[in-house]
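Each chain, written out:
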Amino acid sequence: MASQSHAQAQMHAHSLMKLDNKTSKRSTVLLEQNIARPRRDRVGLGAFAFLIAEIIRYSQNRVMGIQDLEAKLSEIGQRVGVRMFELSMWREKTVHRETRVLQTLVFINTVVWRALFDKQADSLERSTESDDEYMITDNEPAILKYISVPKEMTSFSPGAFISGIVEAIARCCQCPARVTSHVVPADGLPLRTVILLKFDKEVMDREKRLEASKH
Amino acid sequence: MKLRCIAILNRQDTPVYMRSFDDNEGGGDDVKYQHLAHTSCDVIEERMQKSPSDMYLGLLQTVGELAVYGYVLNTGGVRIIMVISVPESIVRAAAIKEVFQQVHAAYIALVCNPFNEFDDASGGGGRLVSGKFEAIISELGRVHSN
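Quick note, the sequences are listed as chains U and H, same order. For the first sequence, the working numbering begins at 1 and goes up steadily by one. For the second sequence, the working numbering begins at 216 and goes up steadily by one.
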């Protein structure tokens with residue numbers, strides 16, 4: 001049974017902390033659970049599939065064109081991403097916030113993906129053509145399992161939601177990027193989604209400067 | 216330890232939330248705490264540079280009978296400032312840290328609320344408005360009012 005995590009919990013109105021963490025009882029109601037120590041941090045895939053199908057339909061009613069649809073989904077994803085960033089940093093309890101490109105990508109690949117989808121992203125690659133493009137691959141994004149794109153919209157990738165989340169987190173880590181998602185089916189993996197991050201020029205300049213000053 | 220005021224400033228040092236626990240003076244005293252929050256900003260920057268690996272910044276300054284403590288969140292520079300009346304007995308740092316952590320937790324819960332439009336990613340200065348957040352802060356004020 002596939003399962004999901006805090007992204008959905010945030011979609012519902014999220015409850016707040018009880019003041020004294022030690023004496024809060026284990027509550028069976030999702031909304032009253034302590035967000036620092038999630039005891040039941042999985043949401044059924046069915047519930048979330050319903051929610052994301054409705055999100056896509058809601059967006060489709062309000063836009064004209066595939067680009068706008070992807071932009072709208074990305075915007076919704078960004079709202080989730082900002083909150084996911086705060087929550088992950090709180091749970092990690094580390095003081096250091098990633099600001100370098102590579103560390104940010106690793107953070108997204110491991111911590112964020114694990115918190116959202118209960119697995120790590122399948123691969124992280126750097127594009128060979130341009131040195132400011134990186135690709136995160138997810139072989140089977142669970143949240144898109146039940147979304148089927150009609151033939152006349154084959155260029156639309158519902159992974160725009162995920163790319164919105166990644167874009168918000170990259171921005172919070174001071175590495176703003178343009179993030180898009182593309183469906184690149186491979187054998188046996190028809191839903192394989194590639195999230196392409198194109199970092200802004202100032203980020204790459206900063207990286208070059210930091211690399212140079214280290215040597 | 217008598218809690219007098221809790222203020223939250225964003226990365227540009229704009230006050231995003233201010234709550235004072237003086238019940239006798241009314242609105243006039245908020246100006247005093249805003250002034251304290253602004254004057255503490257430089258000290259915060261200084262302390263952040265000195266010890267970048269610590270969220271708790273310690274005692275920032277004392278003005279008359281008020282002591283100001285600071286705390287930085289790890290997610291990009293949102294600051295929390297706490298003003299207490301200078302106590303007769305020594306206040307342990309652990310007690311202050313605990314209050315800060317509770318405010319931090321309440322803040323995280325507030326930010327995670329999808330119905331809350333406060334978005335600090337771009338540094339915008341929205342104001343924090345939430346009944347539950349206020350309830351937690353009031354509770355903190357009540358507990359530490361001796």
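A hint or two may mislead.
What the hints assert, rightly or not - Mimicking BS3-like on lysine-lysine, the simulated pairs with C-alpha atoms at most 25 angstroms apart in a straight line are:
(1) U:Lys93 / H:Lys347
(2) H:Lys247 / U:Lys214
(3) U:Lys93 / H:Lys247
(4) H:Lys247 / H:Lys217
(5) U:Lys72 / U:Lys93
(6) H:Lys265 / H:Lys347
(7) U:Lys198 / U:Lys208
(8) U:Lys119 / H:Lys347
(9) H:Lys347 / H:Lys217
(10) U:Lys72 / U:Lys198
The set of hints was computed from the structure by calculation and includes no laboratory data.
The hints, checked one at a time:
no. : hint                : result
1   : U:Lys93 / H:Lys347  : 24 angstroms, holds
2   : H:Lys247 / U:Lys214 : 46 angstroms, violated
3   : U:Lys93 / H:Lys247  : 33 angstroms, violated
4   : H:Lys247 / H:Lys217 : 17 angstroms, holds
5   : U:Lys72 / U:Lys93   : 32 angstroms, violated
6   : H:Lys265 / H:Lys347 : 35 angstroms, violated
7   : U:Lys198 / U:Lys208 : 16 angstroms, holds
8   : U:Lys119 / H:Lys347 : 33 angstroms, violated
9   : H:Lys347 / H:Lys217 : 22 angstroms, holds
10  : U:Lys72 / U:Lys198  : 19 angstroms, holds
Of the numbered hints stated above, those contradicted by the structure are hints 2, 3, 5, 6, 8, listed in ascending order.
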